[in-house]
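Student: Residue-level listing of the chains:
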Amino acid sequence: GQNIDQPTEMTATEGAIVQINCTYQTSGFNGLFWYQQHAGEAPTFLSYNVLDGLEEKGRFSSFLSRSKGYSYLLLKELQMKDSASYLCAVSLVWSSASKIIFGSGTRLSIRP
Amino acid sequence: DVKVTQSSRYLVKRTGEKVFLECVQDMDHENMFWYRQDPGLGLRLIYFSYDVKMKEKGDIPEGYSVSREKKERFSLILESASTNQTSMYLCASSGPLTYEQYFGPGTRLTVT
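For the protein sequence lines, the chains are D and F, in the order given.
Residue 33 in our numbering sits at position 33 of the first sequence; the count goes up by one each step and never skips.
Residue 80 in our numbering sits at position 80 of the second sequence; the count goes up by one each step and never skips.
No lab work stands behind these hints, which were simulated from the structure alone.
Watch out, some of these pointers could steer you wrong.
Stated by the list, open to error - Straight-line Cα separation of at most 30 Å, DSSO-like style, residue types lysine-lysine; simulated pairs: (1) D:K99 - F:K18; (2) F:K55 - F:K18; (3) F:K55 - D:K99; (4) F:K71 - F:K18; (5) F:K57 - F:K71; (6) F:K71 - F:K3; (7) F:K3 - D:K81; (8) F:K53 - D:K99; (9) F:K13 - F:K53; (10) D:K57 - F:K70; (11) F:K13 - F:K55; (12) F:K57 - F:K70; (13) F:K3 - F:K53; (14) D:K68 - D:K99; (15) F:K13 - F:K57; (16) D:K57 - D:K68; (17) D:K76 - D:K57; (18) F:K55 - D:K57; (19) F:K71 - D:K99; (20) F:K3 - D:K99; (21) F:K18 - F:K70; (22) D:K57 - D:K81; (23) D:K99 - F:K70; (24) F:K70 - F:K53; (25) D:K99 - D:K57; (26) F:K71 - F:K53; (27) F:K53 - F:K18.
Please model the entire structure based on the sequences and the hints provided.
Tutor: Following this line, the structure appears as C-alpha cells:
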C-alpha cells in the first residue's frame, strides 16, 4: 500500500527555524510536493522535488532522499503568517495526470 | 494567475438528496481532480479526469460520480447523499507540462 507519514503538530518561535519531516513508502514514485494550507483555505504549492538534494526558495527549502524515502521542509526566519498546515504529497506516475497521494498534514503553530 | 472556482463555499443537504458540486478552471488545463479532506485523514482523491469525457477512479470513488462535458468544468455528483459524505471537497487542476496542482477554495458540505 501507499503510506506517507508526517508529524501531526509542531510549535516553533517567531524568527526561529523549523524542520518538518516526511517519510513515504509508495510504488512508482515520481516526485514529492509540499503544500501550505491556512485554516479554511485551499492548499497552495510550495515546492516539488524530483531529484535528491536540497532546493531553496526564499525562506523555504525542501530536501529529498529517494533512497531513504525521506523529505523535509525547512522554514527559516519564521513569521506569524507561517502558522498553517503543511502537506507532504507524493506523485506516483510519470504522466501529466499524475496521481498524488497526500499525507495528513502537519499543523505548525508559531508563537511570538 | 490560475483560477479554480467552486460553485459554493458552504452547502447543507439532506440524506438521500442528489448533490452537484461544480468546479471551473480558467487556465485551459487538461487535468482536473476532486478530493475530500477530513481531519486526520488528509486529502483523498475521489476521481480525476485527464481529458473531456474521460475519467478515472481515485482512492474513494464509492458513492460519487463525475462529469466532464467541457474542458474547463468538472462536476462531482453525490447520487444519494449520506451523512458520512459530510466533508470539505476540494477541486484542483493541472496542465500538461507541470505537476503542480492548483486548488479551488473548497466546498464544505454538511449532510443532515
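Student: Compare the structure with the hints numbered earlier in the document and write down the numbers of the violated ones, lowest to highest.
Tutor: 10 and 18
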